[in-house]
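J.: One-letter residues, chain by chain:
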Amino acid sequence: MSFATEVVISLFLLLGACFALVGSLGLARLQDFFMRLHGPTKATTLGVGGMVIGSIIFFTAGEHELSLHELLIALFLFITAPVSAHIVGKAALHRQLPCEVRTKNVPWGNDGGKDSVDTN
Amino acid sequence: MSSLAGKKLFPHKLLSAFMLGLWLLMNNTIAPGHWVLGFLLAWAIPFFTQSFWPQSMVLNRPLLALRFLLLVLWDILIANVQVAILIIGPRQKLSPAFMRIPLDLKQDFTITLLANTISLTPGTVTVDLQMEEGYLLVHGLNVDDIDQAIAGIKQRYEQPLKEIFECSNP
Numbered sequence: 000m001s002f003a004t005e006v007v008i009s010l011f012l013l014l015g016a017c018f019a020l021v022g023s024l025g026l027a028r029l030q031d032f033f034m035r036l037h038g039p040t041k042a043t044t045l046g047v048g049g050m051v052i053g054s055i056i057f058f059t060a061g062e063h064e065l066s067l068h069e070l071l072i073a074l075f076l077f078i079t080a081p082v083s084a085h086i087v088g089k090a091a092l093h094r095q096l097p098c099e100v101r102t103k104n105v106p107w108g109n110d111g112g113k114d115s116v117d118t119n
Numbered sequence: 000m001s002s003l004a005g006k007k008l009f010p011h012k013l014l015s016a017f018m019l020g021l022w023l024l025m026n027n028t029i030a031p032g033h034w035v036l037g038f039l040l041a042w043a044i045p046f047f048t049q050s051f052w053p054q055s056m057v058l059n060r061p062l063l064a065l066r067f068l069l070l071v072l073w074d075i076l077i078a079n080v081q082v083a084i085l086i087i088g089p090r091q092k093l094s095p096a097f098m099r100i101p102l103d104l105k106q107d108f109t110i111t112l113l114a115n116t117i118s119l120t121p122g123t124v125t126v127d128l129q130m131e132e133g134y135l136l137v138h139g140l141n142v143d144d145i146d147q148a149i150a151g152i153k154q155r156y157e158q159p160l161k162e163i164f165e166c167s168n169p
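Just so you know, the protein sequences line up as chains X and E, in that order.
Position one of the first sequence corresponds to residue 0 (numbering that gives the first Met the number 0), numbered consecutively onward.
Position one of the second sequence corresponds to residue 0 (numbering that gives the first Met the number 0), numbered consecutively onward.
Treat the hints with care, since some could be wrong.
[Said to hold, decoys possible] Beta-carbon label-pair distances, calculated as ranges: (1) Gln158(E) / Ser9(X): 31 to 41 Å; (2) Ala27(X) / Asp143(E): 43 to 53 Å; (3) Gln81(E) / Val6(X): 21 to 31 Å; (4) Thr48(E) / Ala3(X): 21 to 31 Å; (5) Ala27(X) / Asp103(E): 31 to 41 Å; (6) Leu65(E) / Leu65(X): 15 to 25 Å; (7) Gln81(E) / Val87(X): 15 to 25 Å; (8) Thr4(X) / Ser50(E): 27 to 37 Å; (9) Thr59(X) / Pro31(E): 47 to 57 Å; (10) Phe46(E) / Gln95(X): 15 to 25 Å; (11) Leu70(X) / Thr48(E): 32 to 42 Å; (12) Pro31(E) / Ala90(X): 43 to 53 Å; (13) Thr4(X) / Gly20(E): 23 to 33 Å; (14) Tyr134(E) / Ala3(X): 43 to 53 Å.
[What the hints assert, rightly or not] Restricting the straight-line Cα-Cα distance to at most 25 Å, the calculated cross-link-like pairs of lysine-lysine (BS3-like) are: (15) Lys12(E) / Lys89(X); (16) Lys103(X) / Lys89(X); (17) Lys105(E) / Lys153(E); (18) Lys105(E) / Lys12(E); (19) Lys103(X) / Lys161(E); (20) Lys153(E) / Lys89(X); (21) Lys103(X) / Lys12(E); (22) Lys153(E) / Lys7(E); (23) Lys12(E) / Lys92(E).
Quick caveat, the hints were computed from the structure, so don't treat them as lab data.
Glycine is no exception: its CB is placed at the ideal position from the N, C-alpha and C atoms.
The shape of chain E in the complex, shown without the other chains:
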């Protein structure tokens, strides 16, 4: 086993925070004992597995991240109702389309987040990712204006993600 010297004590702060939250939620308690145990696990697991995690994510703008989360949840709510109407309504009126969304994001993690966000908001599903050419292939259930839809997704989801995670290393 290689020496642990030179390794950071907290290589992935975001992952650690997530794991602590996960532990407390899973045990459904905020008892002090579980805080201690959760904190230990949240330190130990990222620390001993750090060579498996290629990139360390840094949350540059926590407030913007919270706003983004609320925006996505709100969009899921609104778009769900819209798509429900589309599904129940006359299906001959639907105009499905494939869209190529050029990516400005560079890191795997943020691209994954963007692709997942697109799939979660109803009406659009990410079908393919072309890393070399740098675009996401997205299928939309009802797209009237392809260019406008692409611009909408880029401005609404990609821009905040870029600011939250990637600003420090352009």
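Bound-form chain X, shown alone:
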């Protein structure tokens, strides 16, 4: 494997890792439940995507034949991640979890009362 290929592979791995990190950061930093829900959907799209591309290049270059079954990881994640996010979100909606005060259009009404999360 040439040096250039190794650089490209590492770039993709780093890119994937960065987005997974940002997704996790979002999970820790954002204020209310619904905003935190955005974090994990991020990590699974570009985060896993970058690593899968890195893996495809690594095994294709290393074994001199096209290796594509990594794509299935991305495919199944793309199918399951939105479903789990939907179910978790639906449960939160059912329980009417407190929303950040600035949230517009809250279905059960957000009067900024005691149920709202104080950002300060």
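With chain X fixed as given, assemble chain E onto it according to the hints.
T.: Leaving out everything else, chain E in the frame of chain X:
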């Protein structure tokens, strides 16, 4: 067991094609033997389970479907970067919002696809589906203009999906 008479040989062509592709990818080969085995499985499984699948999907516009797939992948890339900036940046500036997206789609499968697409493109997550009233409840991480965002999603994702899958039965 009920008789197999009257059943179609290929009840779900799209599912069969998908399964053949899946089989070849899983074995990571394009050897002729796996084509044969994959083809057999792709025929047999949809054929014997056809009563479990209520609707048969037809790809009306394959080229548009490919364009839609590339568009979604591109949007995932762009929106990921935007949302990453949002997450790292000052969080007081975020203006989250719930959006009700009225549905023009009629079939379960296309609605599922639309909801999944919305969840996959970062910045928006589908939280609820109201079939009776016909809307999707979507939570956006940073929405400035709700109406504009709804119109954007409808035009960008729902319109192509409608053309790809539902044109034949309006």
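J.: Hints first: check each against the structure and report whether it holds.
T.: Against the structure, the hints:
1. Gln158(E) / Ser9(X): 31 to 41 Å: holds, 40 Å
2. Ala27(X) / Asp143(E): 43 to 53 Å: Hint violated: Cβ distance 25 Å, outside 43 to 53 Å.
3. Gln81(E) / Val6(X): 21 to 31 Å: The hint (21 to 31 Å, Cβ to Cβ) holds, given that Gln81(E) and Val6(X) are roughly 27 Å apart.
4. Thr48(E) / Ala3(X): 21 to 31 Å: violated, 48 Å
5. Ala27(X) / Asp103(E): 31 to 41 Å: holds, 38 Å
6. Leu65(E) / Leu65(X): 15 to 25 Å: Distance hint for Leu65(E), Leu65(X) holds at roughly 20 Å.
7. Gln81(E) / Val87(X): 15 to 25 Å: holds, 23 Å
8. Thr4(X) / Ser50(E): 27 to 37 Å: violated, 50 Å
9. Thr59(X) / Pro31(E): 47 to 57 Å: For Pro31(E) against Thr59(X), whose Cβ atoms are near 21 Å apart, the range 47 to 57 Å is violated.
10. Phe46(E) / Gln95(X): 15 to 25 Å: Once the Cβ atoms are compared, 46 Å apart, the range 15 to 25 Å for Gln95(X) and Phe46(E) is violated.
11. Leu70(X) / Thr48(E): 32 to 42 Å: violated, 25 Å
12. Pro31(E) / Ala90(X): 43 to 53 Å: holds, 48 Å
13. Thr4(X) / Gly20(E): 23 to 33 Å: holds, 27 Å
14. Tyr134(E) / Ala3(X): 43 to 53 Å: Once the Cβ atoms are compared, 51 Å apart, the range 43 to 53 Å for Ala3(X) and Tyr134(E) holds.
15. Lys12(E) / Lys89(X): violated, 33 Å
16. Lys103(X) / Lys89(X): Given pair Lys103(X), Lys89(X) holds - Cα atoms ~18 Å apart, limit 25 Å.
17. Lys105(E) / Lys153(E): holds, 14 Å
18. Lys105(E) / Lys12(E): holds, 21 Å
19. Lys103(X) / Lys161(E): Answer violated: Lys103(X) to Lys161(E) is near 29 Å, above 25 Å.
20. Lys153(E) / Lys89(X): At roughly 22 Å apart (the allowed maximum being 25 Å), Lys89(X) and Lys153(E) satisfy the hint.
21. Lys103(X) / Lys12(E): violated, 44 Å
22. Lys153(E) / Lys7(E): violated, 35 Å
23. Lys12(E) / Lys92(E): This hinted pair is violated, its Cα atoms lying about 48 Å apart.
In this structure, the hints that do not hold are numbers 2, 4, 8, 9, 10, 11, 15, 19, 21, 22 and 23, in rising order.
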